[in-house]
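Chain by chain, the residues:
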Amino acid sequence: MNLGQWIEIGRMDELGRLDTPVHRLDARAKVITTLGFIVVVMSFPRYDVSALMPFFIYPFVLIAQGRIPPGYILRKILLAAPFALVIGMFNPLLDHQTVARIGGWDISGGWLSFASIMLRFVLTVSAALALIACTGIHRLGAGLERMCVPRVFVVQLLFLYRYLFVVADEGARMMRSLELRSSGPQSLRLRVYGSLVGHLLLRSMNRADRVYRAMVARGFSSVGGSASGGDGEIRGLHRDSFRWTDWAFTGGWTAFFVLARMWNLADALGRMLAGGGS
Amino acid sequence: MSHHLVEVRDLHFAYPDGTDALKGVSFRITHGESVALIGANGAGKSTLLLHLNGYLTPTRGEIRIGETPLVRATAAAVRRAVGMVFQDPDDQLFMPTVFEDVAFGPLNAGLPAAEVEQRVASALERVGMAHLRDRPPYKLSAGEKRAVAIATVLAMAPDILVMDEPSSHLDPRGRRRLIELLKSFQHTKIIATHDLELVVELCSRVIVLDDGKVVAEGPTVDLLNDEALMLAHGLERPHSLWHQHPH
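Residue numbers (the numbering used here), protein chains in the order written: chain A, 1 to 278; chain B, 1 to 247.
Certain hints may be false.
Covered stretches of chain B, as calculated for chain A (at least 3 residues, CB under 8 Å) [unchecked claim]:
no. : stretch
1   : 57-65
2   : 69-82
3   : 88-97
4   : 100-107
Hint data in this document are derived by calculation from the structure and do not stem from the laboratory.
As the structure is a computational prediction, the values presented were derived from the model and not from experiment.
Beta carbons: idealized from backbone N, C-alpha and C, even for Gly.
The following block holds chain A by itself, in its conformation from the complex:
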């Protein structure tokens, strides 16, 4: 077992159990606010860069208030970065139109929209990761369910998250045994990887079956009906309740998002400072 990898994934659970003002908020308040955040960030025109800057405050505040190590979130963002890079990387090649000049340099629309895509990616992914890290996946699931998200989706989400550990663990073990038996430059061929991935799938499915078996043995059932004794709900003991702090959190941030969407706050701040200086 690759211990480093294991603990790194498991760390999300530990972070989710911390007790800070942000953690104590109702999961629903954080879900709504983060969804609002993502929608607003995505709604900006493609060339906007500076107007996005004020939005960094939201993930920053979650991470700082929730005592989440920024390095952890950063590493996870880097892990996902290739996907955003692939989406944005053709923009500079295709869009050569000059749309701005900064310090004598012509900035093409392609580079600007590329920067905008990367910024949005970092903003939304960090906000989503911060949301999970300061809520915990099970409370998040319970929150979603109380927001009338169909139970099937919630259970899928929880299983996806839980089996991530399982697949990572199986994969790490297979890689280790592969490495132990490979030496020399010729050993790692594509064909071997093909078979490895196939085996990983089969092993994960077997494991998933055994985990499900253990859940069924303790009264869980994914199909409804009293005969099977369950209803597909993964239960927790503690239910969140929506208090005034949750209203304040959701209301305050939503107001800020709307404000920052309508006016370019970074621009305004810059002008104000420049105006004050002269």
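Got chain A; can you put chain B on it based on the hints?
Below, chain B without anything else, positioned relative to chain A:
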């Protein structure tokens, strides 16, 4: 309501790929008995265990837990009566903390929160793992995981404990603790294992499976001392019995 009786009659089971795993297994285990299910790899032990709580449905034959025949409609009730401890604790522990894992069964049974709390506390206390309640299960040692896995089942207050290889992956001290723990339980116990020394210590009766059939059944010491029988079915006479003198 007495669920302590386990009766299996002419059980047949074939896997979807056509493998005949069980070919007419019958036995009866009575209240408070501790019975070992032994046999070579592939003899059908694990398949048989999966029938005892209704996870697999027999192609022929029937199972009774207490007075209740095990069919689809009674599976939920039977699962509360039959606590199953699986071979790999990692399969059994899937929640973020030990507490939540032990609470999983009682919560599914629809018990009120206070009762769940109390059951979890007493189950963890029982296996000596109360201090681990807020730890994530995947960070525990193999022995601790095994104990917690047993607690997850105890919290459901079963009448019958079914265990698949309970001593695998344990160091000698962990194994010793496990044996002492299991000795202290009053439940009807069914233990599938290759650990024959554990059988000598824990079980009064032995059922030998081979190729999906019961090939021998009887008092532990008698059967395990029968070297020809043991060797014929991929087993061996436990070392402790070689030196056993009547005191």
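Right, here's what the structure says about each hint:
no.	hint	verdict
1	57-65	violated (count 0)
2	69-82	holds (count 7)
3	88-97	holds (count 7)
4	100-107	holds (count 5)
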